[in-house]
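With the hints as constraints, model all of the structure from the sequences given.
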Amino acid sequence: MANLTLVQAINLALVQEMEKDDRVIILGEDVGPNGGVFRVTEGLHKRFGAHRVVDSPLAESGIIGTSIGLAMAGLRPVPEIQFDGFLGPAYDQLCSHAARMRTRTRGAFTVPITVRVPVGGGIHAPELHSDSPESIYAHQPGMKVVMPSSPYDAKGLLISSIRDPDPVMFFEPKRIYRAFREEVPEDEYVIPLGRARVVCEGGEMTVVSWGASVVQCMQAIERTGRSIELIDLRTIYPFDMAAVEASVKKTGRCVIVHEAPKTCGFGAEISARIMERCFLHLEAPVQRVAGFDTVMPYYKLELDYLPDASRIARAIEETAAY
Amino acid sequence: MANLTLVQAINLALVQEMEKDDRVIILGEDVGPNGGVFRVTEGLHKRFGAHRVVDSPLAESGIIGTSIGLAMAGLRPVPEIQFDGFLGPAYDQLCSHAARMRTRTRGAFTVPITVRVPVGGGIHAPELHSDSPESIYAHQPGMKVVMPSSPYDAKGLLISSIRDPDPVMFFEPKRIYRAFREEVPEDEYVIPLGRARVVCEGGEMTVVSWGASVVQCMQAIERTGRSIELIDLRTIYPFDMAAVEASVKKTGRCVIVHEAPKTCGFGAEISARIMERCFLHLEAPVQRVAGFDTVMPYYKLELDYLPDASRIARAIEETAAY
Amino acid sequence: MPITKVFSTEIERISILDEHGKFDEKLGKGLIPDKDLVKLYEAMVACRHLDEVAFRLQRSGRMGTYPQNMGQEANSLGAAYALANDDWLVPCYRENCGLFWRGVPMEMVLLHWMGDERGNAIPRELFCTPLAIPIGTQMLHATGLAWAAKYRGEKRIACTFFGDGATSEGDFHEACNFAANLDIPVIFFCQNNFWAISVPGKIQCSAPTLAQRAVAYGMKTVQCDGNDLFAVVKCVRDAAEFTRSTGKPHFIEGVTYRLGDHTTADDARRYRDAAEVEMWKTRDPITRLRAFMKERKLWDDSKEGSLKERVEKEVAAAVERAETIAAPNRTDFFDSMYAEIPEDLRLQRDSTQTHGLGENPSQLDGVEVRKLDHPEHAH
Amino acid sequence: MPITKVFSTEIERISILDEHGKFDEKLGKGLIPDKDLVKLYEAMVACRHLDEVAFRLQRSGRMGTYPQNMGQEANSLGAAYALANDDWLVPCYRENCGLFWRGVPMEMVLLHWMGDERGNAIPRELFCTPLAIPIGTQMLHATGLAWAAKYRGEKRIACTFFGDGATSEGDFHEACNFAANLDIPVIFFCQNNFWAISVPGKIQCSAPTLAQRAVAYGMKTVQCDGNDLFAVVKCVRDAAEFTRSTGKPHFIEGVTYRLGDHTTADDARRYRDAAEVEMWKTRDPITRLRAFMKERKLWDDSKEGSLKERVEKEVAAAVERAETIAAPNRTDFFDSMYAEIPEDLRLQRDSTQTHGLGENPSQLDGVEVRKLDHPEHAH
Ligand SMILES: Cc1ncc(C[n+]2csc(CCOP(=O)(O)OP(=O)(O)O)c2C)c(N)n1
Ligand SMILES: Cc1ncc(C[n+]2csc(CCOP(=O)(O)OP(=O)(O)O)c2C)c(N)n1
Ligand SMILES: [Mg+2]
Ligand SMILES: [Mg+2]
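Chains as they are written, first to last, in numbering that gives the first Met the number 0: chain A, 0 to 321; chain P, 0 to 321; chain B, 0 to 378; chain R, 0 to 378.
If you're looking for bench data, these hints aren't it; they were derived computationally from the structure. Among the hints, a few may not be true.
[What the hints assert, rightly or not] Below, simulated DSS-like cross-link-like pairs (lysine-lysine); rule was C-alpha separation at most 25 Å, straight line:
hint, chain 1, residue 1, chain 2, residue 2
1, B, Lys38, B, Lys280
2, R, Lys25, B, Lys4
3, R, Lys293, R, Lys21
4, P, Lys45, B, Lys201
5, B, Lys4, R, Lys219
6, B, Lys21, R, Lys4
7, R, Lys201, B, Lys149
8, R, Lys247, R, Lys21
9, B, Lys25, R, Lys4
10, R, Lys219, B, Lys201
11, B, Lys149, A, Lys45
12, B, Lys247, R, Lys4
13, R, Lys201, A, Lys45
14, B, Lys4, R, Lys28
15, B, Lys4, R, Lys247
16, B, Lys38, B, Lys25
17, R, Lys21, B, Lys4
18, R, Lys201, B, Lys247
19, R, Lys201, R, Lys28
20, B, Lys4, R, Lys201
21, B, Lys201, R, Lys247
22, B, Lys201, R, Lys149
23, R, Lys4, B, Lys201
24, R, Lys149, P, Lys19
25, R, Lys4, B, Lys219
26, B, Lys307, B, Lys296
27, B, Lys38, B, Lys21
28, A, Lys19, B, Lys149
29, B, Lys28, R, Lys4
30, R, Lys219, B, Lys219
31, B, Lys219, R, Lys201
32, R, Lys4, B, Lys4
33, R, Lys149, P, Lys45
34, R, Lys4, R, Lys21
[Said to hold, decoys possible] According to the in silico footprint, chain A covers these stretches of chain R (three or more CB under 8 Å from chain A):
hint, stretch
35, 108–121
36, 159–167
37, 317–329
38, 351–358
39, 365–372
Where is the CB? At the ideal position from N, CA and C, for every residue including glycine.
Here you go:
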C-alpha cells in the first residue's frame with residue numbers, strides 16, 4: 000500500500016494491466032518517451048517498449064479509429080486523448096463507430112477500448128483545455144463513461160474499464176491529478192462499473208456529484224455542518240440510479256453538482272430520473288449546481304465559472320430551507 | 000399563399016433569402032445541380048449560379064470549417080450536412096469553433112452560419128441516417144438549435160436562423176419532409192427563435208415535443224380524447240421555458256416526447272427545469288417518451304424504436320391517472 | 000546551392016487487357032490460370048445479376064435503398080483473388096464481388112440492405128468487415144486491423160476500399176498517415192468511379208490522378224485500369240507482396256466507372272451525360288473479359304447460357320434465404336448494445352417503454368389507468 | 000501501352016542566405032531593400048526578447064503556459080512582410096513576429112496567454128485571426144476567409160500557418176483539398192520545426208519533405224529554408240503572386256527549428272538531444288541576418304546596443320499595459336456568448352447561480368435561509 004496521487008494510481012493500474020495482459024497497448028500524442036503531458040504514462044515506454052506504448056501522429060480521429068481496428072482484431076487499446084477539448088475531432092469515430100460496432104454487427108465485432116482523457120477546469124490552462132464532456136458521451140448508446148474522483152477509485156475503475164468488453168470513456172479530472180494522495184493498494188482490485196460510492200452518509204439531503212466536483216462538495220458540506228449524504232457517481236453511464244434513488248427516498252432533498260454546462264449536463268438526467276423515481280418522496284425541488292451555459296472562460300475568470308464550495312453550500316442551504 | 004410541403008417551404012425560404020441578401024451562400028454535398036439528396040435546394044443552382052450554390056468535396060468538417068471562415072469574413076453561409084449521422088466529422092468545427100468564436104474573440108469575430116441537417120428516423124434509411132442529435136448541440140454554449148415541425152414554421156424559422164448573428168443548427172425532420180402540406184404565405188415572415196408554439200390548448204396535461212414527434216403527439220392526444228395542451232418547442236436552444244412553465248403550472252402534469260435516446264436527451268433538461276420551476280404545481284412526475292437508450296436499429300425494427308402514438312398515449316393515460 | 004531539388008517522383012499506370020481487347024502478353028502471361036479466370040468471370044456475372052435483382056427488389060418495395068456495384072466488379076474481385084484468404088478485406092459498399100469471392104454469403108449483403116443488422120454479422124474466419132455506410136471512416140479501422148496483425152507478428156495485411164469521394168474526408172488522410180509513419184501493412188484501394196453521388200471527381204481531387212494522394216505520405220502508389228481484371232490482380236499482387244515484406248502501406252487507384260445510379264434513391268440523369276455512361280459501357284470489365292475468354296477459347300455462348308441459368312438460381316436462392324429468415328425479435332436491438340445489458344436499459348427493454356411510470360409500473364399500483372385500444376404499428 | 004507514366008513532379012528548395020552566411024546574389028538581389036532589412040531584423044530581435052520576458056513572466060507566476068517562438072521568427076515575419084497588409088494572416092501560436100509586424104499590439108498576445116479573451120479581440124482592419132490553440136483547425140477558416148474574398152471579387156488572399164504536427168490532422172487535408180478543388184487563394188505555410196511537443200517529425204510525416212503533402216492536391220509547393228528571411232520573403236512573394244493571379248492555393252514548407260521547449264509546461268530535455276539543439280542554434284535566423292547586415296555595413300555593435308535598449312523598453316511597456324489592464328468584469332463571459340443574451344442565460348448571469356432556487360429566488364419568498372459566511376475564492 001502506498002500513498003499515491005491520482006496520476007500515480009492511474010500509472011500503476013496501467014503498469015499492472017500491461018504486465019498481465021499483452022493485448023493492452025497504449026497509443027496517443029506524447030505518451031511515449033515523454034510519458035504524456037501530465038506524466039500519466041511515465042516510465043511505460045521504457046518498461047514495455049515502443050511497440051506497446053506508441054507515440055502517434057497528431058490526429059485524434061486517427062488515434063480512436065486505429066484503436067477501433069486494433070480492438071476489432073482482439074487487442075485492448077488504451078488510447079489517450081491529450082485534453083478534453085481535443086476529443087472533438089474523435090467524436091465521429093467514438094460515437095458513430097466505437098459505440099455502434101457491437102450492435103451493428105450483432106456481436107460479430109466488438110470494440111473494447113478505454114479512452115483516457117484528462118478533463119475539467121481549474122488548472123489555468125489555455126482554451127479548450129478545461130471542458131467536461133461527460134454528458135455528450137453518456138447520450139451515445141453503446142458507450143460507457145467513467146470519472147473517478149480519487150486515487151483509490153481511479154485505479155480500480157481503470158482496471159475494470161480496461162477489462163470491460165465495451166468502449167469506455169475514462170475521464171480523469173486533471174484538477175485533482177496531484178491535489179491529494181490516498182492509500183492505494185499495490186495489489187490488484189477492481190471497482191465495478193455502474194456502482195456509485197457513498198462518500199459520507201447523512202439524513203438531511205443527498206448531494207450527487209462526480210469527478211473533481213466531489214472535492215468541492217465535501218468542502219461545501221463541511222461548511223454547512225449538515226447531515227448530508229454525498230454520492231459520488233463514479234460511472235456516468237451506466238449510472239447507479241439505485242443508489243441515488245435509495246438516498247433521495249431517505250432524504251427527500253437533492254443537489255446535483257457538476258462542472259459541465261447546466262443545460263443538458265448529466266445533472267439534467269439525474270434530476271429527471273429522480274422526478275421519475277422519487278416523486279412522492281421529494282420535499283424540495285432537485286437543484287443543479289453546474290457550470291454556466293457559457294463556454295469555459297479563459298483562466299482569469301475560470302474560478303468564476305466553476306461551481307465552487309460557496310455556490311454548492313448556498314444551494315444546499317436553500318434546498319434545506321425550502 | 001400556397002399549399003406546401005416542408006421541403007418546399009424550406010426551398011422557398013432559401014430562395015427568398017438568397018434573393019434578398021447576396022451574403023447568403025449555400026454549400027454542401029450534392030446541393031448543386033442535383034438539388035440535394037432530398038431536393039431541398041432544387042433549382043437554386045440554376046437560379047443563383049455555381050458561385051452561390053456550391054457542391055463541396057465530401058468532407059463535413061471542411062464544409063463547416065470553411066463556412067466558419069466565410070462567416071468570419073461577413074458572409075452568411077447556409078451549409079448543408081447531408082444526414083444527421085454525418086454531423087460527427089463536423090462536431091469539432093461546430094462546437095470548438097463556430098460556437099466559441101464570438102466569445103473567444105469578445106465579439107471581434109462572429110459566425111452567423113445556419114447549418115441545415117435532415118434528422119430523425121422513420122424513412123427506412125440505412126444506418127446513421129436516422130439520428131436526432133439536438134441535445135448534443137444544445138449542450139454546447141454558443142449554439143442555437145432549431146427544429147420545425149411544420150411547413151409554415153419551417154419557413155419562418157429558417158429565415159430567422161439565416162438572419163441570426165450566431166450559429167444555428169437547423170434540424171429538419173426528414174420524416175415529415177413530404178408527409179403533409181400546409182398553407183405557407185409567399186410573403187416573407189419570421190418566427191422568432193426561442194419562442195414555442197402552443198399547438199392546441201388544454202387543461203388536463205401538458206405535452207412538450209418538437210420536430211416530427213409533434214405529429215405523433217397530435218395523434219396520441221386525439222386518441223386519448225383528453226384536454227391536453229401541446230407545446231411545440233420549435234427552438235431547442237434557447238428554449239421557451241416560460242411557455243412550458245406557464246402551461247405546466249396550469250395543468251400540473253407533463254409528458255415530454257422526443258426521438259433521441261432518453262438518457263441526456265433534451266427531455267431530461269425540460270424535466271429538470273420543470274422540477275426547478277413548477278415543483279409545487281406538479282401533480283404527477285414528469286414523464287419522458289423517447290427513443291430507447293440504444294442505437295437506432297436498422298429499418299426492420301426502426302418503428303419499434305421510435306416513440307409512437309401508442310407509447311405516447313399510454314404515458315399520457317398513466318400520467319393522468321397518477 | 001540556392002535552388003535544389005529535394006523531391007521527385009513519378010506514378011505509373013498499369014493496363015493489361017485494355018478496353019480494345021488488346022492483351023499485354025508480357026505482363027499478363029501466367030498472371031491468372033485459365034481455370035481461375037473462368038471462375039472469376041463467373042463471379043462477376045453472378046455479382047452483376049445480384050445487382051439487377053436487388054434493384055428490382057428495391058423497386059418493388061422488398062428492399063431499402065441499394066447501391067449497385069455495376070461496372071466496378073473487377074476491383075474488389077481482383078483484390079480478393081490476389082490476397083491471402085486471411086488478409087483483411089475492409090470494404091465500403093461497392094465491393095460485393097470481392098466479398099462474395101471471399102465467401103460472404105450473398106444473403107448477408109441482401110439482409111444489410113433489407114435493414115437487418117444480421118447481415119453484418121460476418122463470420123470472423125472470413126476476415127471481412129461489414130459494409131460501411133459513413134464515407135471515409137473504415138480505412139482507419141483497416142489500419143488498426145493491420146496494426147494488430149503486425150503487433151502479433153502475423154503475416155496478415157489489410158486491404159481497404161473506398162471511393163474517390165472518400166479521399167476528401169479527413170479520416171482518409173489520417174489513415175494513410177498513420178499507416179505510412181507507423182509502418183502498418185495496409186493496401187489503400189481507391190475505386191475511382193468519377194462520381195460521388197452527383198459530385199464529379201474534380202471536386203474531390205483536381206489533381207491529375209488520385210494515385211498521387213499517396214505521395215503526401217511517401218507511400219508507394221500505382222494507378223490501375225480498374226475495369227481490367229488482369230491489371231487489378233497484378234497491382235494488388237505486387238502491392239501485397241510489397242506490403243507483406245516491408246510492413247509498409249501501398250496505395251492503388253483503380254480507375255473504373257459507376258454504370259448505375261448512385262443508389263436506388265438516386266437518378267443520375269439529373270447530373271451526368273448519357274454519352275459519358277455509354278462510353279464507359281464499352282469499357283465494362285465483364286464484356287471485356289468475356290471477349291478475351293472467347294478469343295482464347297475458354298468460353299462460348301453455350302457456357303454463357305448455362306452460367307446464366309446457374310447464376311439466376313444462385314441469386315434467387317440467396318434472395319429466398321434473405322427473405323425467409325425469421326424476423327428479428329422486436330427487442331433484438333437492446334441485447335447487442337453491451338456485452339451485458341445495463342439495468343436501466345433492461346427496464347426499457349422489458350417494458351418497451353421509456354417513461355418512468357412505464358418502466359416501473361409499481362408506481363401505479365392501486366391506481367386505475369384507462370386502457371386505450373391502440374392498434375400497434377404495422378410491421 | 001501497358002505501363003505508362005501518368006504523373007511526375009519535382010519539388011525545389013529555396014535558400015538565399017544560408018547557414019554559413021553565404022548569400023546568393025542572383026536570387027537575393029533587390030529582394031529586400033536595406034532599410035526594410037534593418038527593420039525586419041529589429042522586429043525579430045523584439046520578438047525574441049518578448050519571448051524571453053514571457054518565459055520569465057510565466058516562471059514567476061505572472062502568466063500561464065506560454066509557447067516560445069524562439070528560432071522560428073523568420074517564417075511569419077517574412078510572410079507578413081511579403082504579403083499585402085489586407086491579406087489575411089491566420090496563425091497558429093508561433094507567429095508572433097508576423098503578427099507584430101502586421102500591427103497586432105504585443106500586449107494582445109500577452110493577454111491571450113494571461114488567460115484573457117480580450118487578447119483575441121484583434122481589430123478587424125488588421126486582417127489577422129487570433130492565436131489558435133486546437134491544432135490543425137484554423138486552416139479551414141483561412142480557406143473560408145479567402146473564399147469570401149474571391150466571392151466578393153476582392154484581391155485579398157489568405158496565408159495560414161501551422162506546424163509539422165498539424166499536417167497529421169484531417170482538417171489540414173480538408174482545408175488543402177477544398178482550396179485546391181474549389182480554386183481558393185490560400186497560402187498554406189507549414190512551419191516544420193521537427194517536433195510536435197515530444198513527437199518527432201517522422202511520426203507526423205515519414206516522407207522526405209513536408210512540401211510534398213501538397214502533391215496530393217495537385218497544389219503548387221516549395222520547400223524553403225525557414226531560418227533564412229530572404230528565402231521566406233522570396234517564397235511567400237512568389238506564392239502570393241501565383242495565388243493572387245490564378246486564384247489557386249500554394250503550399251510552403253518553411254524548414255525551421257523550435258529552439259525552446261514546446262511551451263513553458265514542457266521540458267524538452269526529456270526527449271531530445273542537446274546536440275541537435277546546439278546544431279540548430281548555429282542556424283538561428285537572427286544571428287544569421289545580423290552577421291549578414293554587419294558584413295554589408297548595415298549594422299554594428301552600437302546599433303545593436305541601442306536596439307537592445309529600445310526593445311527592452313518596448314516589451315516592458317507592453318507587459319505593463321497587459322498587466323495593468325482592468326480585470327475583466329466577472330460576468331464578462333456571459334455577455335459575449337450571443338449577440339443577445341438568452342433569457343435563461345441572463346438569469347444565470349444576474350444571479351451568478353445555476354440552481355433553480357438561486358436563479359429564481361422568488362421561490363424562497365417567506366422562507367428563511369441560513370446564511371453561511373463563505374469566503375469568496377481568491378482572485
Ligand atoms: C460521412 C458521410 N458523408 C456523406 C455521406 C452520404 N453519401 C453516401 S455515398 C456518398 C458519395 C460517396 O462517393 P464515393 O466515395 O466516390 O463512393 P461511390 O459511391 O462513388 O462508390 C455520399 C456523399 C455518407 N454516407 N457519409
Ligand atoms: C487538436 C489538438 N490536439 C492536441 C493538442 C495538444 N498540442 C498542443 S501543441 C501540440 C503539438 C503541435 O505540434 P506542431 O503542429 O508541429 O506545432 P509546434 O508546436 O511544433 O509549433 C499538441 C499535440 C492540441 N492543441 N490540439
Ligand atoms: Mg465515387
Ligand atoms: Mg512542430
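Going through the hints against the structure:
Distance restraint check for lysine 38 of chain B and lysine 280 of chain B: the Cα-Cα separation of roughly 22 Å lies within the 25 Å cut-off, and the hinted pair is therefore satisfied. This hinted pair checks out: lysine 25 of chain R and lysine 4 of chain B have alpha carbons roughly 18 Å apart, not beyond 25 Å. In summary, the hint linking lysine 293 of chain R to lysine 21 of chain R is supported, as the alpha carbons are separated by about 13 Å, within the 25 Å threshold. With a C-alpha separation of about 20 Å, the suggested pair lysine 45 of chain P and lysine 201 of chain B falls inside the 25 Å cut-off, and the hint holds.
Proximity of lysine 4 of chain B to lysine 219 of chain R is assessed by CA-CA distance (about 14 Å); at most 25 Å being required, the pair is judged to hold. At most 25 Å may separate the alpha-carbon atoms for a hinted pair to count; lysine 21 of chain B and lysine 4 of chain R meet this at roughly 19 Å. Restraint check for lysine 201 of chain R and lysine 149 of chain B: the C-alpha separation of about 19 Å stays at or below 25 Å, so the hint holds. Between the alpha carbons of lysine 247 of chain R and lysine 21 of chain R the distance comes to roughly 33 Å, so the proposed pair goes past 25 Å and is violated.
Between lysine 25 of chain B and lysine 4 of chain R the alpha-carbon distance is near 18 Å, which keeps this suggested pair within the 25 Å criterion. Taking the CA atoms of lysine 219 of chain R and lysine 201 of chain B, the gap is about 17 Å. The hint holds against a cut of 25 Å. A hinted pair counts as satisfied when its Cα atoms are at most 25 Å apart, and lysine 149 of chain B with lysine 45 of chain A qualifies at roughly 20 Å. Of the supplied pair hints, the one linking lysine 247 of chain B and lysine 4 of chain R holds, its CA atoms being roughly 23 Å apart against a limit of 25 Å.
With a C-alpha separation of about 20 Å, the suggested pairing of lysine 201 of chain R with lysine 45 of chain A holds against the 25 Å cut-off. With a C-alpha separation of about 22 Å, the suggested pairing of lysine 4 of chain B with lysine 28 of chain R holds against the 25 Å cut-off. For the given pair, lysine 4 of chain B sits about 23 Å from lysine 247 of chain R by alpha-carbon distance, which is consistent with the 25 Å threshold. Taken as a hint, the lysine 38 of chain B and lysine 25 of chain B pair is honoured in the structure, with Cα atoms around 23 Å apart against an allowance of 25 Å.
Note on lysine 21 of chain R and lysine 4 of chain B: the hinted pairing holds, with a Cα-Cα distance of about 19 Å set against a maximum of 25 Å. With a CA separation close to 14 Å, the supplied pair lysine 201 of chain R and lysine 247 of chain B stays within the 25 Å bound. For the hint pairing lysine 201 of chain R with lysine 28 of chain R, the CA-to-CA distance comes to about 35 Å; that exceeds 25 Å, so the pair is violated. Taken as a hint, the lysine 4 of chain B and lysine 201 of chain R pair is honoured in the structure, with Cα atoms around 20 Å apart against an allowance of 25 Å.
Distance restraint check for lysine 201 of chain B and lysine 247 of chain R: the Cα-Cα separation of roughly 14 Å lies within the 25 Å cut-off, and the hinted pair is therefore satisfied. Proposed proximity of lysine 201 of chain B and lysine 149 of chain R is supported: the alpha carbons are some 19 Å apart, at most 25 Å. Only pairs whose Cα atoms come within 25 Å are accepted, and lysine 4 of chain R paired with lysine 201 of chain B is accepted, the gap being roughly 20 Å. A threshold of 25 Å between alpha carbons decides the hint, and for lysine 149 of chain R with lysine 19 of chain P the separation of about 20 Å falls inside it, so the pair holds.
Restraint check for lysine 4 of chain R and lysine 219 of chain B: satisfied, since their Cα atoms lie roughly 14 Å apart, inside the 25 Å limit. In summary, the hint linking lysine 307 of chain B to lysine 296 of chain B is supported, as the alpha carbons are separated by about 18 Å, within the 25 Å threshold. Proposed proximity of lysine 38 of chain B and lysine 21 of chain B is supported: the alpha carbons are some 21 Å apart, at most 25 Å. Distance hint between lysine 19 of chain A and lysine 149 of chain B is fulfilled; the C-alpha atoms sit about 20 Å from each other, no more than 25 Å.
This hinted pair checks out: lysine 28 of chain B and lysine 4 of chain R have alpha carbons roughly 22 Å apart, not beyond 25 Å. Restraint check: the Cα-Cα separation between lysine 219 of chain R and lysine 219 of chain B comes to about 21 Å, which is no more than 25 Å; the hinted pair holds. Our distance criterion of 25 Å between C-alpha atoms is met by lysine 219 of chain B and lysine 201 of chain R, whose separation comes to about 17 Å. Between the alpha carbons of lysine 4 of chain R and lysine 4 of chain B the distance comes to roughly 20 Å, so the proposed pair stays at or under 25 Å and holds.
The suggested pairing of lysine 149 of chain R with lysine 45 of chain P holds, with an alpha-carbon distance near 20 Å, which does not exceed 25 Å. About 39 Å separates the Cα atoms of lysine 4 of chain R and lysine 21 of chain R, which puts this hinted pair outside 25 Å; it is violated. For the stretch 108–121 of chain R, the stated coverage by chain A holds: 6 residues have a C-beta nearer than 8 Å to a C-beta of that chain, and at least 3 were required. Residues of the stretch 159–167 of chain R lying with their CB closer than 8 Å to a CB of chain A number 3, which satisfies the three-residue condition for coverage.
Counting residues of the stretch 317–329 of chain R whose CB lies closer than 8 Å to any CB of chain A gives 3, which reaches the minimum of 3, so the coverage claim holds. With 7 residues having a beta carbon nearer than 8 Å to a beta carbon of chain A, the stretch 351–358 of chain R meets the requirement of three or more and the stated coverage holds. Residues of the stretch 365–372 of chain R with a Cβ under 8 Å from some Cβ of chain A number 6, which satisfies the need for three, so the listed coverage holds.
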